[in-house]
Structures are given as structure tokens and as C-alpha cells.
Amino acid sequence: MSELHAETVAFVRDTMLPPALPPARQRGVTLWLRENLFSGPLNTVLTLLGLAAVWFIVSHLWPWFANSVWNASSMAECRAAVAAKAGEDATGACFGVIRERWNQFIYGFYPSALYWRPTIVFGLMLFAVAPVLFSESRGLRWAVLGFAAVASFAAAVAVGIPPRAALITGGVFVLWAALIEYAPRRALVLSLLFPFLAVWLLWGGSVWPVVSALAGFVLGGVVWRLAARLGLGLLAVALGIAATVAWWLWLGPDAAADLHAMLPVALDRVESRSFGGFLLALTIGVSGIVMSLPLGIILALARQSDMPVVKSLAVMFIEFIRGVPLITLLFVASILLNYFLPPGTNFDIILRVIIMVTLFASAYMAEVIRGGLAALPRGQYEAADSLGLDYWKAQRLIILPQALKISIPGIVGTFIGMFKDTTLVTFVGLFDPLKQMADTIRATFEWKGAYWEPYVFTGTIFFIICFAMSRYAMYLEQRLKRDHR
Amino acid sequence: MRQIVFLATAAAAALAAGGAMAAEGETLAQVKARGVLNCGVNTGLVGFAAPDANGNWSGFDIAICKAVAAAVLGDASKVKYVPTTGQTRFTALSSGEVDVLARNSTWTFQRDTDLKLDFAGVNYYDGQGFMVRKDLGVSSAKELDGATICIQTGTSTELNLADWFRANNMTYQPVNIDSNAEGEQQYMAGACDAYTTDASGLAATRAAFADPDNHIILPEIISKEPLGPAVRHGDNNWGDIVRWVLYALISGEEYGVTSANIEELSKSSTNPDVQRMLGATDDYGAMLGLDKEWAKRAIAASGNYGEIFAANIGEQTPIGLARGLNALWTQGGLMYAMPFR
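Top to bottom, those sequences are chains A and B.
Just so you know, we're using the numbering used here here: the first sequence kicks off at 7 and counts up by one.
Just so you know, we're using the numbering used here here: the second sequence kicks off at 44 and counts up by one.
Incorrect hints may appear among the rest.
As the list claims (entries may be wrong) - Reference excerpt, derived from the structure (chain A facing chain B, CB under 7 Å, subset only):
hint : residue
1    : W76
2    : N77
3    : R85
4    : E106
5    : R107
6    : I341
7    : G435
8    : D445
9    : R448
10   : K454
11   : G455
12   : Y461
In short, the hints are calculated from the structure, not lab data.
Since the model is a prediction, treat every value here as computed from it, not as a measurement.
Just so you know, even glycine gets a beta-carbon here, dropped at the ideal spot from N, CA and C.
Okay, chain B solo, but in the shape it has when bound (with noise of 0.2 Å):
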């Protein structure tokens, strides 16, 4: 883990030092030449990312992918999948490997200023959750002093455990694992009394046990984990195609504009913004260098905001997440678009 850690301060390093600044619109003219998108993923997540038997990925970031691929290239299927880890992702977007990491990466700070990223926006308002067994009686995370919780070792979930804790004066007993998969073993074989990671991580976890009932997740969330589609710092072309794009998906799902609707709405539509949107009148899509219609393929790609949802992680789903934070603004959400105006 040190030669990691190690690695990853050198890495940082050197891109402090001055990794590869994106010139304005290169990144687009390149992702146009190449005629693929290379979006930078997650090497599978339950519900965010995964393959299926023949390779092609679904989830819930890879619908950014494909919605970005739609708006520049027309073709929601012309993306390349490079799947990354939690140690390669940053490296292989500021090496231009990728043109767009959409894993599940939380916004921070350093993040943005230090590693020279450019979050687009925030697909997903998440945080850390506690899971523990029914028959621990234990109903609030304010409970858990002296417990041993089971946790992934060098994410930002084990700082804010250790945070958290120190904050609450209480103590614990950290069980280090080193995959999701892992831990989920471990805290079925008792090795410890509650697991931490991403409510939305927890939620699925649970949702897969044999015996889903006899688990709970605790209600406090202690930390703040917005997960949003990232690029490099000096294009910021392509940065405003990117968010526009998640600004389509959202305000898609505000103004009712779905996969099975586009069509006919964006003919017949009478709300300003909806028009602007899907190019019926002025043209937007030359501000950002694409054509008129490339909000409309975004959304066609596959639904809008609230469908993606809905498909890959929402309740319908074995996963079951409710919308919480993720909904939108009017109904008592974080999901706002900027207006198309």
C-alpha cells in the first residue's frame, strides 16, 4: 500500500508540475477525428458500471458516456469503455487517454485545483452510510463506539470514518479490505459489526444479500460525496459540452421531455426553453461547436435525467435506490440545470 500511496503523491506530482494542458477545442476536434469517444469508467460498480456477458457496459455513469457521445458524434454506440481504478482514473484523463472520466469520482477541492480537473456538474449527490446487522440493536450510527467496521482501504471513505469518529469522541476498530466484493464477505462472516461505503454501494450490497431484511443501514450519512463526470483543466470547450450535456439529461427529466416524447416535442413543444433545448428555434448547439440537434440526441440516447435514474439504480430496480437528494429541485432535490437561455 505505501508503494501506492508513494506512486499516486509522484503521479500528483507530476502533474502538478505541468501535465498536459488541453488547448481550447482540441479535445473535441480530436474526438471527431477519432470518430469514438474514450470515456474513462469504472472497472464495474453495481448499478454505475458493469458489463454484461458480451461486453457491453450499462449503468448509470455510462448513459454520460453515451449521452455525450450522442451530442458530438451522433451515435450513442461510438464510445470506448476504458475501464479505470481508483489509482489510474485521474492519471489516464490528464494523459488524454480519456476524454471524459465519468466514474463515480467525488468533487473535492484538490481534485479540482491540484490534479487540474474540471467537473462538469454532479450526476449523483451521494455520501457515507453505515450497514449493520438487525440482531446488533443498534439503531443510529451514534450507537457504533468501539465497534470494528469493515473498511476499503486508501478511499476517501476511510478519512471520513476516521474524521468522523474523532469528531464524535468515539472510537472503532477498523477491519481493512480491499474491494467491495471483500467486504461484503467480511462483514457476512462477522469479521465486523457494520460496513462503510456509499450509501448507493450500501443499498445495492444489501439489496444482493440472501437475507436483505435482516440488515439495516443506519441513517446518518457523514459525509458528502457529489459524483460527477470529470475532464482537464484548459479545454473548457469541451468542459461547457460536457455539462450542457448533464444540463440537457436534467432539464430533460424538469420539463417532461422524454426518450419516447423527443420526437413529437420537439416539433410541437411551446415552452421556450424546450425549443432553445432541442434546436426547434436558434442555435444553440453552434455555441459549443456541435450541431442543432445534439441536445436531442442526448436525451434520445437514453432518457432523460429521471429515466436513467429510473433504469439503472431507481426503486423499480433490485437496487432500489429512492430519488433523496437526487431529485429534482422542485420536488425537494439538489437537481438543478442552468437554464438554456
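So here's chain A without its partners, still in its complex pose (with noise of 0.2 Å):
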């Protein structure tokens, strides 16, 4: 008998096993089950009961959806519709009421004719912020823009936009994207244009009181800039606004009017009170987050300031605004304003409402703006100031760039309030997607008790552009998140 190993053992294995699979309760869907629903008893039970509302709820609703009827052009049409589909007792959406009249909850009661202003302005918004909200990201940029431009131009189309604007529109979408691609700094002018061209679109009327409008920025530009080079400081801001006021009260009207009169460049005239559905919970709703945000962080620092009379104005400003509701606001704006302002007075209905919700959103603005100005540790303050920086230089190099990106979510956060809040103009008269403009088309005896159709589809929209802003804040935290790198 030798003493080898290999005739002292019967076997050696030369080769490692295979690596096995865990066993089966150990891996993929048991266990992801095991560990997250049904951890315990408490968690069994609490996962069961979570199911049976989900059951409860699906098994009521589905039926609705799974009988909806598109086709008919009454509720009793709609009934039969469903009755015929799935037996007499069964239950079923009437989408009708949306094929018929979507119109209407998109658009409100502009002419139909001029479907395709509302809708270029639209495509255009996109392309006005696009250069400032994806300056980082030309694959994002360029999404958005196609969108834009494609869905814009596909639906202005659709609803009839004459050849020759379809024409302008096409160059202008051209133009500007290879603006944005070439020279972004100058698209950036073309950004701040775009508000008094969508004013121009969506009302219409002649062209010249808008251009002497912005004339009226530009001169109170100009007084500033040139009081300012004479060392003026804050009474060169005065100065400026001063003058773009006095423009504004007396040269500009006359001016608009002498050009009209020599060269007439107008659109068909749009009343406010034909503005309704989302077309207007739009057009307040952007213009408030727009303008909104600087008003904020103009009354945040205000409310920072070390200067008494400035600080206690923004105080009562900022204490007052929040300690009222929107709605009386809405009603003070509508009514009350009526009996202030000199008989005659024409003081357009949704402007009255477009300030009311900035002044109201501004100084929630502010709020959260000064929480992330609280934010910041000391330090970066006395940073600013040991590096010789004046005031403003401070707050827009140092200060406001951390404070902001700090206020993310509750910036994002009062945006998506107040487009939501845009349907409290209901209260003054004015047609609202979600309940004015339902319960009017709810008044023509066809579609009356259609209740919830109206709800689910201006409720789904509300749900696009709400989740649409609250990932681009998600997007927006993870572009700048720089100090854990």
C-alpha cells in the first residue's frame, strides 16, 4: 500500500462546483416579496388590505372606462350607446362630451377661426425657454424643441391656420432653432421678446401698441443705464422707471396710434372674455410663474434688507398677501376695482387677474426664496464680502445661485399651486377648464349630467403639465447637485 493521496482517497475532485441559484425562497420574486409586503403579520395584513382597496377600487372604475362611448353627440345617445354595448344596468363614461366640445376646453370661446394663434404661441413658449431651462443639455434642447415645433405646427394645422401664417410660422420655428444652436446669448433676447409677441398673437388688434410698450422698457433701459453712468445709484432706477411710466401714460398711446395710421399691420381683435379652458389657465398661469420669480427674490432680499423702511414694506407686503385668501383677492380685482377706478375705465379683466395671482404667488415666493437664503451658512456671505464684491454683485454671483438651487422643490413647488389655482378664476366670471367651462357645457340640455367626462379628461391634463414641472425640478436638483461629488 504506497502512502500517495491518490490511493489513500477513493475520489478527489479537481474541478469547483458550479456556482448554484439560492434557493428558491431566497431569490428574485419570493423574496422581493417576502422582504418588502410580507415581512411580518402587521405587513401581511396592512399588503392585503392595500390590495383590496386597489381591487375595490379598479373593479368600480373599470367597467366606467371599459364602456366609455366616444361616439355620440347626447347623453341619452350615450346611454343607449352603453346600454346596447354592455347590457342595461352597466355603467360607462361619455367621452362624447369631449369629442364634441374639446374645443371649448382647450381653447374656450376664441373663434375658432383663429385656433391656430393660441396654439403657434404655445409651440413658441417652448422655444422661448428652452435656451434658459436646457442650457446644459443640447440632446434635451433639441427634444424640446422639436416638440415643440413639430406638435405645434401639427396642431395649428390641424385646426386650420391659413397658408400664408403657416409660411411665417415655419421660418420663424427655422430661424430660431438655429439661433438657439449658434448664437444662444442672442436667442436669449429673443426670449425676453416673446412675451409681448404672444400678447400680440393671443389678442391681437394692432401690432404698434405692443411695440410702443416695449418701447417703454427699452427708454426706461436707456435712462437707466445712462443715470447710472453718471453715478446716480437708486435714483437712477427711479429715473427709469420714471420714464418708462411716463411713456407708457402719455407719448406712448399716441405714438402707436401715429404709426398705426401710417403703417396698419394688425390681426383680427380677440376679447379677453373670449379667453377660456386651458388657453386661459395658460396664458395667467405662465404669466404669473414667470414674473412671479423675480418679484420673489426682489421681496426675499427686500425682507433680508438691513434698510428699515424697506424691510418693513416687504414685510407688511409679503404678511398681507399670505394672510388673505386668493379668492377674495380674485373678487377685489373683479369687483371692488370696478368702483375705484374712474367711470369708463377699461382695465382688461384677465390682467386684473394675471396681477392678483403674481402679487399672491410672489410673496409665497418670497418666502421660500428667503428660506434658502437662510440656508446658507454665514460663511459664504463673508466670503462674498472679504472677495470686495459690492452688494448685488454678492447676491447674483454668490449668494442667490446657492440659495436658489437650495429653494428648488418649494419654488417648484408654489409654480404647480398656482397653476392649479388659476382655476379659482371660476369666482369672477371667467370660463376655467375644470368647473366653469364644464358646467356651461353642461348647460346645453345634449350634455347635461355628463359629471365626471369633464372632470377625468381637464383632470388628466392638469396631471401632464403638474408631473412635467415636477420632474423638470428633479432634472434641474440632479444637474446641480455639486457638493456631494
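Each chain sits in its own coordinate frame; assemble them with the hints.
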């Protein structure tokens, strides 16, 4: 008998066993279910209750969606179609009301021959914001621009854009996209001009009052620059504002009238009362969002200021606006203001509402941004001072970029809340998409009783818009996450 | 809601303190200069005012706007409809935003005096009623003791309901709702035993149900709701125009002047009232500051009162309202136009 290993042991394995899968209970779906849904008696019960709730809701709602009828021109017809499809006692949604009246949910009473104008404005709005919102990601920017151009152009063609306008629009889209690509800083000037273009396209009328309003801003800017060069400081700002207001009040209207007489460039005029549905919600919401952010920043800085008058004014404004419900402000805008203004003053109702909504949102915005300012370590302020920066430079270069970054969730929350609050204009007789427009459509006998369908439709659109805003905020937070890398 | 009440009070106070009073003849001149009649209407009420898919308004109240526009401007389509809510309607009128308010508004003491409105007449006599499910086994509103009742807040119907139950020594549980659509939904879902609003509204609601036969409207009418077009205090000429346009529509029915035979009758009628009204003899239009054929155009716009009623809310329409109190005085109703003399 040899002492060799090979002869003392019957078998020696010389390869490794292939790795086996964990036992069935320890992997895959089973493991996930066990760990996450059934990890103990309490969790098991809660899971089962949750499933029961989901089943309860789905089983009740599903038939309503499954039996929905799109091709019907009245509730009675619709009920008959549902009964024919799913039996006598079946319930079914009547989306025929959306098919027949979608235009009013989107555009309100805007003249149907002119639907293309708001449609194009929506596309142009995305063009105006894309270089600002997606300045760092070329791919995303192009995706947004492509979507804006194609979708709004296709929609405008579908609602009957005249050929000449289509040609101009196509040209504008292409040129603007090229400008954003090759001269992004110049494109920002176009973004600043967009609000004026939008006002002209939405309300129509002569182009010259809009140009004159723009000229007022330019004049104010020039006066401010000149005065600042003379070293007038804050007085320069005041002079600039005074110049703008003076132009608007005295010279501007005459200049606009004269120019219109010389070179009449005009679109069909559309009354503010004709605005409704999502056109109204977006008009108010977008203007409110765009204006409330800068106003909120100024208010937040004012409230942090060392100057007692500025500070107390800011505190009074913010606390007053936050202490009053939005509906009250809207009522003041629509009813009480009529008694304070001289008789015969025609102060546009949408403009009044936009002003009130902006003031309301800016007060909340100021507090959100103040939170961001307060969260910055003292060292940042001191660092800015030690670099020898003056107040505005320190704010612009060091403080605000960080404070705004911290405040993004709050800012976007305020935006979303404000956009949804635009439906409150129903109380001053404007046609918001959620309630007033739906109630008005239900006032035709054919659609009386169509209660949930409009809610589902408008709710879906609101969700899409708000969800997009919320996702953008998440993307922005990711992009700006510089500290923990 | 409290804010709304407060603001309404504040607005009313501001009104009382001296809202813009219209001067005699001013409104007519403004409307003619503008070329468009601003007519305050409901934001949507079945049969009375509703826009179609193209935004064209139609309805019982809309016909009044059209008739006034036809009489004053010669064209029934020259109307700008300004939709107003229950809260904004009277301020819209007194601030001059609208020239006439044809928005199923009840003519009440306080509105006529304190709010400084002038009601030009009554175009629909309404009243508050109740609707219940048939299987509730109730046949009279007197049997509704202890019932839950769906009631729209902030309206006169809410006050009427409280008054009527108190007067009859009964109790009820209110279920507050915000709009007609919500009320229907609550009633259908069984949240309340009875639904109360104006009888015309109840009829329209019931007609739109999937199962109208399972619901009944109780016979009791617990309030008077005379609805009519209103104008501002101060401009009596304008008030006269709206009043006599309404009377022309009612007289048209009384004398058998319809949109179909009006051309013929304006030449051949031997009835002196008709001759004066349609401008065949005398120039009654000049006394209003209008031309001779104002009433002819008003009736031609959407027909006489009976035609307007039949086309929008009458028994041939799905809403199916009977004439009842709104029949002519010669047929047992209350519709009585002053003589054209």
C-alpha cells in the first residue's frame, strides 16, 4: 500500500462546483415579496388590505372606462350606446362630450378660425424657455424644440392655420432654432421679446401698442444706464421706472396710434372675455410663474435687507398677501376695483387677474426663497464680502445661485400650486377649464348630466402639465448637485 | 363662503353709497355708438342660456338680448354676451360692463331699491319646488319632515327653504352643494332625499336623467321667483326700451304676430294695436328714440314670446315645461302686456 494521496483517498475532485442559485425562497420575486410585502404579520395584513382597496377601486372604475362611448352627440344617445354594448344596468363614461366640445375645454370661446394663434404661441413659448431651462443639455434642448415645433405646427395645421401664416411660422421656428444653436446669447433676447409677441398673437389688434409698450421698457433701460453712468445709484433706477411709466401714460399711446395710421399691421382682435379653458389657465399660469419668480426674489432680498423702510414694506406686503385668501384678491380685482377706477376705464379683466395671481404667488415665492437664503452658511456671505464684491454682485454671483438651488423644490411647489389655483378664476365669471367651462357645457341639454367625464379629461391635462414641471425640477436638482460629488 | 358674503355686502354698500347712475338717454347713445349690445347672461343654465360647440349662445334669456339688439341696432346678432355669475351679475350691470342683464334674476324689493336696479318686467314666473325619488313614497312637500335636502348655498332658494320649513313646523337636514351639476350628482348618489331649486331647473334636471320616470316633482311651489331683465337706475329711456321690447314680444303672441307672418301683418293687419306696434300707423318708435320698425325687428329676431318659449323650454323641447303661470292672461296665465296706445 502506497502512502500516496491518490491511493489513500477514493476520489479527489479537481474542478469547482458550478455556483448554484440560492434556494427558491431566497431569490427573485419570492424574496422581494417576502421582504417587502409580507415580512411580518402586520405587513401582511396591510398588504392584503391595500390589495383589497386597489381591487375595490379598479373593479368599480374599470367597467366605467371599459364601456366608455366616444361616438355620441348627447347623453341620451350615449346611455343607449352603453346599454347596447354592456347591458341595461351597466355604467359607462360618455366621452362624447369631450369629442364634441374639446375645443371649448382647450380654447374657451376663442374664435375657431383663429385657434392657430394660441397654438403657435404655445410652441413659441417652449422655444422661448428651452434655451433657459435646458442650457446645459443639447440633446434635451433639441428634443424640446423638436417637440414644440412639430407638435404646435401639426396642431395649428389641424385647426386650420392660413397658408401664409403657416409659412411665416415655419420660417420663425427654423430661424429661431438656428439662433438658439449658433448664437445662444442672442436667442435669449428673443426669449425676452416673446411675451410681447405672445400678447399680440393672443389678443390681436394693432401691433403698435405692443411695440410701444416694449419701447417703454427700452427707454427705461436706456435712461437707467445713462443715469447710472452719472453715478446716481438708486436714483437711476427710479428715473428709469419714471421714464417707462411716463412713456406708457403720455407718449406711447399717441405714438402707437400715429404708427398704426402710417403702417397698419394688425391681427383680428380677440376680447379677453373670449378666453377660456386651458388657454386661460395657461395664460394666467405662465404669466404668473414668469413674473412671480423675479418679484419673489426682490421681496425676499428686501425682507433680508438692513434698510428699515424697505424691510418693513416687504414684511407688510408679504404678510398681508399671505393672510388673505386668493379668492378675496380675485373678487377685489373683478368687483371692488370697478368702483375705485374712474368710470369708463377699461381695465382688462385677465390683466387684473394676472396681477393679483402674480402678487399672491410672489409673496409665497419670497418666503420660499428666504428659506433658501437662511439655509446658506454665514461663511458664504462673509466670503463674498471678503472678495470685495458689492451687494448686488455678491447676491448675483454667490448668494442667489446657491439659495435658489436649495429652494428648487419649494419654488416648483409654488409654481404647481399657482397653476392649479388658476381654476379659481371661475368665481369671477371667467371660464376656467375645470368647473366653469364644464358647467357651461352641461347647460346645453344634450350634455346635462355629464359630470365626471370633463373632470377626468381636465384632470388628466392638469396632471400632465404639473407632472412635467415636477420632473423638470428633479432633473434640475440632479444637474445642480455639485456639493456631494 | 364667508368672504363671498362679505364681499357681496361690501359691493352692495359701495353700490348704495353711489354707484354709477346712468343719465337719461345715455345708455342708448352708448349702445348705438358702440354698435354692439353688451348683454349680461348666465354662465350656463339649461334652456335659458347656453353656448353650443361653436360658442353661439341660445336660450330663453338670450332671446331677450337678441330682441333688444334687433330693436335698437337693427341686427339681432350684434350682441356681446357677458357671462356673469351669481356674485358678479349686479356689479357688472351697475359698473356699466353690461347694458342689460338678462340672467334669470328674481325681481325682489331689495334688488329693485337698495341695489338700484330697474326690472323691465317679468319674462318667466318661476318658483321653488322639490324633486324626490318615486320609491320614497312621498306625494307632498308637507311629508318631507326630517328629510335631507340638497340645496345650493348662497342663493335665495336656501333662505326660502329655511322659511318654509319653519313656517310649517318641520325640520330638515341641508346638504350644501355648490352648483346644479353637483346637486344632481349628490341627489343621484342618494346623498339627499330631495333636491330643491327653481321648478324650471328641476324639470330640466329630471328630463336629463337616465330614468326620469323614477323621479317626481312635488306639487308645492314654496316661493315666488319672477325672473326678468334688469337695467340700471337713472336711465329711464333705456328701461322703457327694454320694457317695451318685452311687451312687444308678449303682445305679439296675444295678437298672433309671429316671425312667420310679421311681414304680411305689418302691411295688412287691421288691428290698430298691431298697426301701432309694428309701425304701420303712428311713429311710436320715435317716442323711445328708435325708428318706426323697432318692434317688428324685435319680434322677427326669434319670434314672439310664445315662439321663444316653445323653442327653448316648451313642451316640444326635451325640457318640456308647461306654460302654467307663463301663459297669456287670456289663457289663465300672468303674461300681460300693457297696451300699445
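Against the structure, the hints come out as follows:
Checking A:W76 against chain B: minimum C-beta separation of about 15 Å lies over 7 Å; hint violated. For A:N77, the interface hint is violated, since its Cβ never comes within 7 Å of a Cβ in chain B; the closest pair sits about 15 Å apart. Interface hint status for A:R85: upheld, as the beta-carbon distance to the closest one in chain B is roughly 5 Å, under 7 Å. Taking 7 Å as the C-beta contact cut-off toward chain B, the hint placing A:E106 at the interface holds, the least distance being around 6 Å.
Given the 7 Å rule on beta carbons, the hint for A:R107 holds: about 6 Å separates it from the nearest Cβ of chain B. Hint on A:I341 holds. Least Cβ distance to chain B is approximately 5 Å, under the 7 Å limit. For the restraint placing A:G435 at the interface with chain B, the shortest Cβ-Cβ distance is roughly 5 Å, inside the 7 Å limit, so the hint holds. Below 7 Å, beta-carbon pairs count as interface contacts, and A:D445 has one with chain B at about 5 Å; its hint therefore holds.
The beta carbon of A:R448 comes within 5 Å of a beta carbon in chain B, closer than 7 Å, and the hint placing it at the interface holds. Interface restraint check for A:K454: the shortest CB-CB distance to chain B comes to about 4 Å, inside 7 Å, so the restraint holds. With a cut of 7 Å, the hint placing A:G455 at the interface with chain B holds, because the nearest CB-to-CB distance is about 5 Å. At a threshold of 7 Å, the smallest CB-CB gap from A:Y461 to chain B is about 10 Å, leaving the interface hint violated.
Violated hints for the displayed structure, listed by number in ascending order: 1, 2 and 12.
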